[in-house]
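Student: Protein chains in written order, with the numbering used here: chain U, 581 to 1530; chain F, 196 to 269.
What the hints contain is simulated information worked out from the structure, not anything from laboratory work.
Hints may contain errors.
[What the hints assert, rightly or not] Quick list of simulated restraints, FRET-style, between CB atoms:
id, chain 1, residue 1, chain 2, residue 2, range
1, F, Arg203, U, Gln1007, 44 to 50 Å
2, F, Gln218, U, Glu1435, 53 to 59 Å
3, U, Thr1455, F, Arg231, 40 to 46 Å
4, F, Gln218, U, Glu1072, 15 to 21 Å
5, F, Arg231, U, Gln979, 46 to 52 Å
Where is the CB? At the ideal position from N, CA and C, for every residue including glycine.
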Amino acid sequence: MSLPRETDFGTPACDGEPSVSLLIDGQPVCVPAGTSIMRAAGQSGCAIPKLCATDSLEPFGSCRLCLVEVEGRKGYPASCTTPVEAGMVVRTQTPKLADLRRNVMELYISDHPLDCLTCPTNGNCELQDMAGVVGLREVRYGFKGDNHFTDACKDESNPYFSYDPAKCIVCNRCVRACEETQGTFALTISGRGFDSRVSPGQSESFMDSECVSCGACVNACPTATLTEKSVIQLGQAECSVTTTCAYCGVGCSFKAEVKGNQVVRMVPAKDGGANAGHACVKGRFAWGYATHADRITTPMIRPSVDAPWQKVSWDEALTYAAGEFKRIQAKYGRGAVGGITSSRCTNEETYLVQKLVRTAFGNNNVDTCARVCHSPTGYGLKQTLGESAGTQDFASVLQADVVVVMGANPTDGHPVFGSLLKKRIRQGAKLIVIDPRAIDLVRSPHVAAAHHLKLLPGTNVAMVNALAHTIVTEGLVADAYVAERCEGPAFEAWREFVSRPDNSPEAAEGITGVPAAEIRAAARLYASAGNGAIYYGLGVTEHSQGSTTVMGIANLAMVTGNVGRPGVGVNPLRGQNNVQGSCDMGSFPHELPGYRHVSDATTRALFEDAWKVRIDPEPGLRIPNMFEAALDGSFKGIYIQGEDIVQSDPNTQHVEAAMAQMECVVVQDLFLNETAKWAHVFLPGSSFLEKDGTFTNAERRISRVRKVMPPLAGKADWEATLALADALGYPMHYSHPSEIMAEIARLTPSFHGVTYDLLESKGSIQWPCNEAAPEGTPTMHVGGFIRGKGRFMLTPFVPTTEKVTRRFPLILTTGRILSQYNVGAQTRRTANVAWHDEDRLEIHPVDAEDRGIREGDWVGIASRAGETVLRATVTERVQPGVVYTTFHFPESGANVITTDNSDWATNCPEYKVTAVQVTLCAQPSEWQQRFATRREQQQGFLKPATTDAG
Amino acid sequence: MNSDYVLRMANQIGDALGINPDQDQAVRDLADHLKRFWEPRMRGALLTLADTPDGAARLSPLVHRALTSLRPSP
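Let's have the full structure, built from the sequences with the hints guiding it.
Tutor: What follows is the structure, given as structure tokens:
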């Protein structure tokens, strides 16, 4: 028994009201203009047979199975490529059509192996279905087709799916999915007639081609030609559960197809609000970490970080942790402990952790990983627009005329949005890339940036000021918009500021390295092309002036009138699946849920009444401040849910020194990560497949996370936090995450209307969702800004103190790669390592030649903070003077080099600018050697605990 | 709390907010920022630093002025 299949209308829906009336098989039908006969028929209940058509792709008209008769027309047009017309009379079922369709199917089946009973898609094969639908009873041409290849012809190179050319009917759906849905253009059909084959790249294997393994081709395939290996291995699933991906901030909706408690495959949901049926290699395929052998599923404690772990019961671990936190507070004071919420966990779980800190700990020492990524977004957008979130939904990009991508790499970091963006660029929108490095968007198949402003790392503010200068001094200001919607005095002060000669493109040229004429041309394009949309990422925020750049971006959007309607906006591409949500839920030490400052007595009174405790009116410690406080002896205990601060925070040796000063570190995680190696209590975490809750993505979209399998350790993360709170003497009473959301909604104005029932009926909701916006808010600031009038902020360029010198002459900047995710705890435990199994240092050929470095050489990278060793990749992707690496593997020690410089407003680390020297070398750095020793020691400490299981 | 750490951050904030032509407003903004985002022990460390000759010399004038409003009333 296979799962019921989703309805497929064959061709995409057309926008607009139903306006074209026709008759299909005698039934009156009315559909929007442009709709195909196939879709109109499907919507009226007359499904027309099809093979090459699917409603995620434009019609192609090759299979000839969907022929229909149209009164008054000669021949038999393909219903997929024929649009409806008013008054049309269509017949989809006639004896002649039945003959034609059987003939077509005879041809297909004559060249298709009839191994249905052993085929992995038996029962879930459109070819099989269509043979039944057309009533195929004989095949006059026999069954020994030329394309009945042996297994040797299969391409098994991709770790996640198999390509079996024998099963291919050359419908082109995979090729079109690669083009239209993913935008990679990796596939084509080579050969003619019986020699036709799906060909990745230049007749290469899938792994050797440009294929990015998004799975769109597998999804589109109507036969078993492209099939998930998990389906081949496990068989088809019994049921499916709709849930939300736990990787990036796009927040794709998936149907987890399950057999018992085992996931068979993850299929992107066609009705997913964020992804509309698309996915990337991580969400689609890299979910195996959830049941990886490295998972720790039993609580553990130990007296010191140099002692072996002891496996204990939940009660014992929680009692020990609570006792230690109480002891520390009694000895060192109430502020000596704190917590970190996880952007990997659900809204409900992050809410509980901050609530635990504010109630059971009695302070505001709570922070989240947004501290090290998008905290400047929260600050900058609140100051200018009035709300700490992006302004648009993802679909908005399809109405943009010019798109600015600054300090972001969507095709790697947010791949599903990257595909949507590429689609819009292929439709004709212009693209401006502002990035030190030539990301794929700068030039890829059918996509080319109109301008690539290849600035030096650390000069973002000079760049946004120069763009603003051009707009203001060349008469490109949206005067009426600014006059109506923005604060006049602030605008005038800002206009005077950016008009100064030292903010001109000519002045910026010497700072950024980008020719003034190029800056001016980009500014003119953004300001005058119609709908201008800005998308940005960590290349904007992770700087000593991250908040300033965010405010500068908001200034640009306001001065050009590009906020408050579809197609425009200021769009932070948030990093983790629930980083927006963790911020919304009050994870920052100065804010209660809903971004309300702890000093606000009215807000405090609301929560004090609900929680029955006094809330500290003073802000708490941020993560970097916690490290400093640990080093000065005033911060001794921490509860960390789902974050690996030791690997992900900058200046690793500084972080390690701080961790070594702690007396009680409680880590709640899936794996023994780098932070857990400094822990005294380990509470086993639960993956996104093991719990209920919600995630909020980068477009403020709240989506359900649904339990697919029971928690491997017996408790979902929210249950573990409840138990810890209970042990601390502050019991919280919730029996399901929906009850936690009900409390969040009651106490948070922007969530007042959010309920699990509403999520169930709508699929997802974008906040604000309240009395004023009961259906949610896809576009913010429509008609006016959240704060009332938009506020222009002055954005002086202050160079970073992290300067290049003769000793450290290069600038290191960091980023992510498509196949790996952040610290890699999940993706390193999947077959994604086939694409990326080590972090490398990208270096320009000129810099490499100066140092005698060749491709693949081991090189030492030294900064003022530390030293590590990686292999070199010599590439012109980076500019001379700039080197680049990823940070997915702990042994790489990328953050051993980064410094503790940080954003002036938020303490977000300056990951993107580190002065370094690069030299050839022959052995790992001293830190790496210590790391290897410590890793072995800590794994050894784990062994007795894991072998006690019996 | 490490004095260099708070000193560097305070001066950084001063650099960012000092652009305001209304310097009295810049001082108020800076003091407000320290109140809204700095945990009390960080503010305490900064005040202690400002009371030392070396620390006082290294803090920007704008930070000095802002600290006046952060000191507890006598």
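Student: Hint by hint, note whether the structure agrees.
Tutor: Each hint tested on the structure:
1. Arg203/F with Gln1007/U: 44 to 50 Å: holds, 48 Å
2. Gln218/F with Glu1435/U: 53 to 59 Å: holds, 55 Å
3. Thr1455/U with Arg231/F: 40 to 46 Å: holds, 44 Å
4. Gln218/F with Glu1072/U: 15 to 21 Å: Hint holds: Cβ distance 18 Å, inside 15 to 21 Å.
5. Arg231/F with Gln979/U: 46 to 52 Å: Given range 46 to 52 Å: violated, Cβ gap about 37 Å.
In the structure shown, a violation is registered for the earlier hint numbered 5 alone.
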